[in-house]
Amino acid sequence: MSDLLLIDRRWIARGAARSSTLRFALWLAPWIFLLLLGIYAAGLCLYYGLNQTNMDNRFAFGMWIFLDLAIIAMGAGAFFTGFLVYILKQKDLKPVLNSAVVVGLTCYSGAVAVLMVDVGQPLRAWFTFWYPNTHSMLTEVTFCISCYLLVLILEYIPVVLRNRQLRKVPSFLVFEHQFHKLVPVLAGVGTFLSFFHQGSLGGLYGVLRGRPFAYRAGFAIWPSTFFLFLLSAIAVGPSFLMLVTATAEKVTGRQLVQPGVYRKLGFISGVLLAVYVAAKAVDTLVWLNITSPSVGFGPRDFYSYWPLSSTFLFAAIVPLGLLPAILLIAPVTARKRGWLLCGATLACCGVLLNRFVFTIQTLALPTLAFDEFLSYIPSWQEVATFGAVIAYGVIVYSLSYRYLPLFEEGKGAGQHVSLG
Amino acid sequence: MFPWVDGFHWTMGHIVFLSLFFAAVLVIGSTLVSALLWTASDFRSRRAAELCWRINFRELPEAERHCRHEFAGRAPSRVCDNAFDCRSCQNYAKYAALPGKDFSRNRGVHYSVNLLYHRGHTWVRPRGDGTCTIGLDEFASRLIGKPDTVDLPAKNTELVSDGVAWRMTKNGREIRVRAPLDGTVLSTGGPEHEWFLKIRPHEPLNLRHLLSGAEVSGWLAAELDRLQLQLSAPNSAPCLADGGTLMPDLMDAVPQADWDAVLAATFLES
Amino acid sequence: MSARYGMVIDLDRCTGCGACMVACAAENNVPPAPPSATPRTGLTPMLVHKVSNGLEGSAQREVFIPVTCMQCERETPCVGVCPQQAVEVDKATGIVMQIPQRCLGCRYCMTACPYHARYFNWWDPKWPEGMEKTLNPGVSTRMRGVVEKCNLCHARLHGAMEKAAAAGKKEIDPTDYVPACVEACPTGAIVFGNLADRNDPASRAADSPDAFRLLARLGTEPKIHYKSRQAWVRALAERGTSRSSEAKHV
Amino acid sequence: MKVSRRDLLIGSAGVTAGIIFTPVPWKLLGDVSIWTQNFSWIPQLPRGPVEVKQSACTLCANGCGVRVRMAAGCPVGVAGVSGHPVSKGTLCPLTFAAHQLNWHPRRLREVRHRGRPASWSDAQAAFAKACGEGQVAIFDAQPERAASSVFAAFIQKHNGCYRPVLGPESQALAPYASWSGVPVNALGYDLENTRTIVSFGAPLLDGWGTPGRFTRLWSDRAAGASDPQLRLIQMESSFSRTAALAWRRVAVREGSDAALAAGVARVLLEEGLVAAQAPMPVLPLAEAAAQTGLSVEEIRSLVRTMVEKRPVLAIAAEESPSVAALNVLLGAVGTPGGIVAKKNHVPARVPAEAPKTSPRAVLIDASVPWEFDPQTDAEIFRFAAWDGGGGKADWLLPAPGFLEYLTDVPAPPTSGVDTYAIAVNLAASPPEIKSAAQFLQKIDSSMPEVDQLIRAHCEEIFHSHQGAVYGEQPLPVSTIESAQKIEEQLRKGAVWVGNPSRPGNLRCVLKDWPAERTLPRPTNWAAAWPVPVLPPIATKLYQESNLREAPAGRQA
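Residue numbers (the working numbering), protein chains in the order written: chain A, 1 to 420; chain B, 1 to 270; chain C, 1 to 250; chain D, 1 to 556.
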């Protein structure tokens, strides 16, 4: 036992204060349980097929797609922070960069894992690369997400190699050093890829001519939702990063970044959110007054069904859009950590709601004159499978925090000058 | 995807989309490959060890990167920015010219004036015949006492300055002792001998980076302070509270101390 | 040949017996439902909806609306969205084809279809022991986890084309190509034919003033037409118009 | 040159990289994936020559023409025969999957005695013993077949009685039979010539009579028209499919048909709207109105619309003397567009008299619906192709299934003309399968063979010189050279159709207005389906859609 503690200790960065091995194990235990449960549920879905879920021919997309879209939006913090640090040279955001990479990696890999369960023929996933239909938004999403996942993994490698034991291997240390010189390139590629797939995830719905609730006019080949999803993703990414960091600080009971970083992330998030809300409002007006009437659908076709009534639309724009934007920008509130985090939370909820509306409400609403409004409750297999993704995220982040230099703490200054 | 795949059309969409995709993949791939190639070349040109040391040095806590001239009292508090390699330090001459003070307060850790000390707690004794012997200084040996195992390099191994000279273990902890200078191993001693390695240094022999004279006592004093600070961490007994001498085989004496931190600081591991 | 196959379904004639649904399933080797299947998870490439005019007493009326793939001609919603070219519009026939062997089962096309005419194989295809001897040898069974839909009994079109080829003819004999549902309809409510041919009974029926299409305003040019002499039934074409007469699905 | 390990490594790496860009690994992966998609069960499609045969459906008495696609000697598809004189090219929804029935999990493949497996010889021994000891009753739901003649011959030889089991359509015709002396099987409806049909809850558009005969008529002459040539007035309490599609729907109280008929009759007589003579119903109009839940005025206006377009024909769902009496009053008996006798001379082959004593044994033919209960404590020998479950037969005897045996198909109960068809055994029946007729022949070898009887009937047709044989094209019997030719044609799926019935060969005399006994009405849409099981894909109709409610007592 003592040896075990010793070994665990040896992998923790020198001088980094970490909780005892036992406490850490206790912290992980419930998450590991959740993970195993989810893996079992996913196994059921893969073995017996998707009849294990409560999806059906109308709800062909369910909770999985909705939450996948949500966490991919949240994961946008990774590419956006990289973009800010390496492309826009916002050096003061460096302290959260590694953390952002881990968050992004877990979000994306988790989402992809769930997608693999969600499709009816996971073994044919590669068909998308082999017979790509370049007109499909989903093709764009698949290509970009898989590439970007690769980028995230590559960006994660240097962080891993800086683990105290791994770095003792000279080749690792040297590789990490050399590779790090190229990370800005990856950040650029990541930005390019993310720009497209975050947008295409919105395009996914915007192009649904057969679903007037989701269909949007747009520019060139991209419906307006392409730009709205992109905007909302980069707006909420930093907010989510703030929340994760704050949670980490709460759990570990240590200050991990300077308050200034929060301020900056919050401000960026807030400004983008404000722009998003404005664009969203305009888009909604255009859609309700021009796009959908032209195909014979009016507001009462969309908002006369409880509970998905117009209050949802209002909520998405004002309390979960405008309000957080103000909280994150206004100096009065932005100075107070509590308000800042409250704003970030609201912003995340806003994007969550937006993804919910586009995924679930689109399918719940009737199209034919003799359709009904349908509802759907996910089965425990669906919930558990997704719970596993959350658990996976927590576990990976905890392990990374414990054994890898996610934040600058207890080290000499200048450590990151060339190693970021 | 590829023209030979059923369903491929030579349409604008395909061409633009796929070329963008392949471009991205290419960039990602080439970053990885070039990083690997650079790494390989570093090893081929023997720069790897030094590079490792420099990366490692950068991540040392500031307290462990103080300049030798500070210990000699020639300079105010100054942090080294050249990885302790005074041979290539521009400021060396400037400071070396200044008058120094001797802080030597004998705290029971003896050092010899005719030994040259490396910051990694090894000493070098140049011999007439152009070879040098390398040993562990008293501070380190008292810390460790009798190591459980000692893993010395084979004959004719090329040592690289600040690279790993030899490895030891004590109470399940690995200790990597840094080489004080470059050279070829001629013969090996060990804890029972008074030296560990006899090497033939590379020509031209330049030992400027090693501490000597008054610097050593200042440095050792600082090290002792550091050690005392570390050992008086909450979970360790106040063994040096008396400011007295450093007892031999401290690792066995004070097993509950945070030896990871102590050893890392002692042997310059970040 | 560049035909545009389509149907005109006379809703006044439909008695909602369901022969078309059974005949379709038998022709296309659609598997029977496992015990836990519901109307929402079923496999019914041809599905007859039962719609009431919402009135009471002797004024109460019902209409039965057979809904199948509408074979949309323009901007076919399901074709553009498929990430791997598993859906395509056959240039020669205008039939929207689904390639189950290539389908990933992402179900994006199902969300794209405004008619809910696409169905997912939620279960493994299973027939009782020995019953596979009664499967239609011309149509391969689909596997679990892929989307399927009406392809206007494409196997029958192939048969007709082979027959024509054997006879050394270019064009197929229209009487050789009749989808199972059309053949099965006891009241002859479904007229099937080549809408591109002005003299075809189907395209003539499609031009009748009583003819209409479901959600035509979406602009996807569905090739399945409906007709009825009852105004309230014609009003079911679009949501907007149907609101006046509170028709509801029962 | 010497090849170092390094070169080999590099080489192999290059090869692997190259292979990735050839279709080989992807094709392999694709095949693997396609295999794994249905690893649990891979359906094997039948292989073999495909041919199309014509025959007649024998699942019920309505004798629809079926076009059967055969692959490797097994039916793989069923469709209607376009232009078929009986079924007009249509079938009931379930028959389109009838070829699945022979493989249904509930298919009977062995003799069972009180639930335990037994042998044919045991069953024969037991039945022979019963014949020796007492009277046997034979129940048959499709009378007039060759098999029926075998039954008749058997009970004439051994003491016993023959009990035809009438379906609802035949029961509705029973009153005319008892008033006119013409047997039920000789009666039918001349729907083609009527202008107004008053249906007392008969499911005319949902499985009444030969499916397709009336639906075709309705869709051609009535569907969706505001003033159709053929007026369908549906009197029904529930909102059935027929009610939903009828020209007029009159919502009356459950089981008030008799009262309504009486009320209608009263109005007809009081307002002198009918020429024909019939006794005045005892029931006063107000009382009738009260029972039906209609107002007197509603009944009056209903009657006026009824007689607007003549001929008018009232159709009851099952036996209903008052509805029959109403037809007499409307002059719809023995006239065009009314109740007609489809057979001019009716061979009283099968005496249908009640048994003198309670029988020692009961033999139930496979044609009898599973639900039928002989209400006897005698030893029951039940022939059935499928086990409907819960049967309390002592002997359960596996009968041939769909298209598995040779039989003839007489005119359907509701048909207005006499018809005759032959259904040959297209599919090979499993071993250990016997029809009731074969069973009786095994017991008494002097019994006539079914094919001989069929040949004899063809001879009859040939010598009668009446009607025509409808094959590819209709051939008048008088132009056919021999009975063999007729039989050949019929065995190929052709149908003999007799001459249209002469008006006036059916006369009903009614002394006083009949009393009514109301029977429970079959509510289940699959009640017209005599087979106790449904084809598996029938789930499309009720489980996988909301088109119909799940059929009680029938399972897919």
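Incorrect hints may have been included.
[Stated by the list, open to error] No farther apart than 30 Å at their CA atoms in a straight line, the calculated lysine-lysine pairs in the DSBU-like style are these:
hint	chain 1	residue 1	chain 2	residue 2
1	D	K129	D	K442
2	A	K168	B	K101
3	D	K129	D	K492
4	B	K170	B	K198
5	C	K91	D	K157
6	D	K511	D	K442
7	D	K129	C	K133
8	D	K492	D	K157
9	C	K169	C	K91
10	D	K53	C	K169
11	C	K163	D	K157
12	A	K168	B	K94
13	C	K126	D	K27
Calculated from the structure, these hints are not laboratory results.
Numbers of the earlier hints that this structure fails to satisfy, in rising order: 2, 3, 5, 6, 7, 8, 11, 12
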